[in-house]
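Trainee: Need the complex rebuilt from these two chains, each delivered in its own frame; the hints are there to steer you.
Protein chains in written order, with this note's numbering: chain C, 3 to 118; chain D, 7 to 118.
Calculated lysine-lysine pairs in the DSSO-like style (CA-CA distance at most 30 Å, straight line):
no.: 1; chain 1: C; residue 1: K22; chain 2: C; residue 2: K66
no.: 2; chain 1: D; residue 1: K75; chain 2: C; residue 2: K43
no.: 3; chain 1: C; residue 1: K43; chain 2: D; residue 2: K84
no.: 4; chain 1: C; residue 1: K43; chain 2: D; residue 2: K64
no.: 5; chain 1: C; residue 1: K43; chain 2: C; residue 2: K68
no.: 6; chain 1: C; residue 1: K68; chain 2: D; residue 2: K48
no.: 7; chain 1: C; residue 1: K16; chain 2: D; residue 2: K48
no.: 8; chain 1: C; residue 1: K43; chain 2: D; residue 2: K48
no.: 9; chain 1: D; residue 1: K63; chain 2: C; residue 2: K43
no.: 10; chain 1: D; residue 1: K48; chain 2: C; residue 2: K66
no.: 11; chain 1: D; residue 1: K48; chain 2: C; residue 2: K57
no.: 12; chain 1: C; residue 1: K22; chain 2: C; residue 2: K43
no.: 13; chain 1: C; residue 1: K43; chain 2: D; residue 2: K65
no.: 14; chain 1: D; residue 1: K48; chain 2: C; residue 2: K22
Far from chain C by the CB rule (all over 10 Å, computed), these chain D residues:
no.: 15; residue: S13
no.: 16; residue: P14
no.: 17; residue: E21
no.: 18; residue: P32
no.: 19; residue: S34
no.: 20; residue: I68
no.: 21; residue: S69
no.: 22; residue: E76
no.: 23; residue: K84
no.: 24; residue: S91
no.: 25; residue: T115
Don't read these hints as lab results, they were simulated from the structure. Every residue gets a Cβ at the ideal spot worked out from N, C-alpha and C, and that includes glycine.
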Amino acid sequence: GAVVSQHPSWVICKSGTSVKIECRSLDFQATTMFWYRQFPKQSLMLMATSNEGSKATYEQGVEKDKFLINHASLTLSTLTVTSAHPEDSSFYICSARGSGRNYEQYFGPGTRLTVT
Amino acid sequence: ILNVEQSPQSLHVQEGDSTNFTCSFPSSNFYALHWYRWETAKSPEALFVMTLNGDEKKKGRISATLNTKEGYSYLYIKGSQPEDSATYLCAFNSGSARQLTFGSGTQLTVLP
Numbered sequence: 003g004a005v006v007s008q009h010p011s012w013v014i015c016k017s018g019t020s021v022k023i024e025c026r027s028l029d030f031q032a033t034t035m036f037w038y039r040q041f042p043k044q045s046l047m048l049m050a051t052s053n054e055g056s057k058a059t060y061e062q063g064v065e066k067d068k069f070l071i072n073h074a075s076l077t078l079s080t081l082t083v084t085s086a087h088p089e090d091s092s093f094y095i096c097s098a099r100g101s102g103r104n105y106e107q108y109f110g111p112g113t114r115l116t117v118t
Numbered sequence: 007i008l009n010v011e012q013s014p015q016s017l018h019v020q021e022g023d024s025t026n027f028t029c030s031f032p033s034s035n036f037y038a039l040h041w042y043r044w045e046t047a048k049s050p051e052a053l054f055v056m057t058l059n060g061d062e063k064k065k066g067r068i069s070a071t072l073n074t075k076e077g078y079s080y081l082y083i084k085g086s087q088p089e090d091s092a093t094y095l096c097a098f099n100s101g102s103a104r105q106l107t108f109g110s111g112t113q114l115t116v117l118p
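Chain D with its partners taken away, still in its complex shape (with noise of 0.2 Å):
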């Protein structure tokens, strides 16, 4: 069994706050790592799709680490706005897996 861990379970930041959590993952037979933004009442959307050691990936506000080797990855907001509060997903591709294994999110509030 797969185990995806994503801390902290939620979060309250103010506006203007920068802030990020963590996606851990297990690090033998990595493929991919995903993580999704998942508004409420909307389908939740892809973000980044991240595959190898090292890679950095920025939209906007926006951006993550991976780090293979140990099995985590980081998802940094810059200057949170109240728009940006959702819930934060991360997602494993094990080998060559098309399933995904989902961590249980982080609630970002963001207060104005």
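Chain C with its partners taken away, still in its complex shape (with noise of 0.2 Å):
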């Protein structure tokens, strides 16, 4: 149990445009979602936390008209990344917790964003 996948796997896309990725618990309710973001030789850095139904809290730094999150329901949350340029190329990663879990994340496979 406790399985969340993450789409796209990886994307290209070119400087100006958006991108969406899609995270997914697909066997619990995820009432609090998770985004990072990884950079090389770098760890996992919380972008933001989600509660479905909820506007996401950002934190410190992170451009919240930059990145959109979503999680309008209790399976999915999404983060666009709007205007993309290639100081975006990163790895991002997504991580659910049920509301029973108060320890526990699960997280998504990540995605691989380059922005040419």
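Mentor: Spelled out as structure tokens, the structure:
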């Protein structure tokens, strides 16, 4: 149990376009989802936390107008990178936590975004 | 800013060797410490969640210990196998925070 899928697994887009990444909890209801970003050789850095039906809470330094997060249902959260630039190229990964699981987060496999 | 550090950054061992790595974290305001195993192109897999000082957890050949007073956790792998090759991440919850702060991981390669 506790499977999280993420789509797409990789995407290449042109500068100025927008890209949407989906994160789904397949066998549990995710009341909270988290979006992380990872640069090469670095830690997973939390970008934002989203609770179902609420606005996402963004970490300091993360532009909410650039990284739009929607968590409209208990099984789906989306991250849209708007007007992407080459510096947005990175690895994006989501995790999900159910209501009864205070500690554990379950991760998707991540999305490799390359902006040309 | 919470600082979670892992060492070594990478490690190569021979099949059959036992190995261990370290995760250090702030010793104040501890809530939980997580270990994940992350194979390339897969999702990070939760290994352990540890909450109490002195906790020891075991899953097969992998075990972990926790010292919250001094702010460290060890992950041990006994008799390493090639399939143990992965990046091992630790992550820290402080206080009542639901967010995880991650270390940069230890990349383990087990050579046959």
